[in-house]
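Engineer: Sequence:
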Amino acid sequence: MKLISNHLSKALLALAVIGCSSNVLAAKPNLILQQPNVSLELANQLINATMAACHAEGKSAVVAVVDRGGNLIALQRDDNVGPHNTDAAIRKAFTALSTKTPSRTLADNARANPDSSNLNTINDLLLIGGGVPLKVGNDVIGAIAAGGAGGAVQDESCALKAIEKVMPKQK
Numbered sequence: 001m002k003l004i005s006n007h008l009s010k011a012l013l014a015l016a017v018i019g020c021s022s023n024v025l026a027a028k029p030n031l032i033l034q035q036p037n038v039s040l041e042l043a044n045q046l047i048n049a050t051m052a053a054c055h056a057e058g059k060s061a062v063v064a065v066v067d068r069g070g071n072l073i074a075l076q077r078d079d080n081v082g083p084h085n086t087d088a089a090i091r092k093a094f095t096a097l098s099t100k101t102p103s104r105t106l107a108d109n110a111r112a113n114p115d116s117s118n119l120n121t122i123n124d125l126l127l128i129g130g131g132v133p134l135k136v137g138n139d140v141i142g143a144i145a146a147g148g149a150g151g152a153v154q155d156e157s158c159a160l161k162a163i164e165k166v167m168p169k170q171k
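Under the UniProt record's numbering, the letters of the sequence shown match residues 1 to 171, in that order.
Do not rely on the hints blindly, as some may be mistaken.
[To be verified] The list that follows gives simulated cross-link-like pairs (lysine-lysine, DSS-like), each with its CA atoms no further than 27 Å apart:
| id | residue 1 | residue 2 |
| --- | --- | --- |
| 1 | K135 | K161 |
| 2 | K135 | K100 |
| 3 | K169 | K135 |
| 4 | K165 | K135 |
| 5 | K165 | K59 |
| 6 | K59 | K161 |
| 7 | K100 | K161 |
| 8 | K100 | K165 |
| 9 | K169 | K100 |
Hints are computed from structural coordinates only; laboratory data are not their basis.
Turn these sequences into a full structure, and let the hints steer you where they fit.
Structural biologist: Next comes the structure, spelled out in structure tokens:
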């Protein structure tokens, strides 16, 4: 009987060790990330809604959407928008994504804070309003930016109206 008890104790100890080690293995961080991102369909819906918001104000625009990695997903430009606005919209979207801040807020902060004034020297950042990060919960999944609609406030307003229409529950 004592021999069976001794073997049973060792078996239970072995199971406890295996259970603890599997918990340690389970506690390791995942090596493969699963992160929300902007799809082409979402990008197109946001662009169409942004263009509609600008057109409702009698404004033309160019709109760009980048994914969480800063890759251009979609772009649309009205016929009569200056060609420089295309690059500006892409860079404003990248700026909003990279800093997780609306580009207009970043521009205002950079002008007000001498320590931030050199942000304009970083390639691809553009300190002009119109870029807005796209968020799902606390995750920034990409960004959208408008350009050529008549100034930073108007550009940003068109993008914000689109976000509200297309992603109202994602804030």
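Engineer: Each hint should be assessed against the structure and marked as holding or not.
Structural biologist: For each hint, the structure was consulted:
no.	hint	in the structure
1	K135 x K161	holds, 15 Å
2	K135 x K100	holds, 9 Å
3	K169 x K135	holds, 10 Å
4	K165 x K135	holds, 14 Å
5	K165 x K59	holds, 18 Å
6	K59 x K161	holds, 14 Å
7	K100 x K161	holds, 18 Å
8	K100 x K165	holds, 21 Å
9	K169 x K100	holds, 19 Å
Violation of the numbered hints given earlier is absent; every hint is satisfied by the structure.
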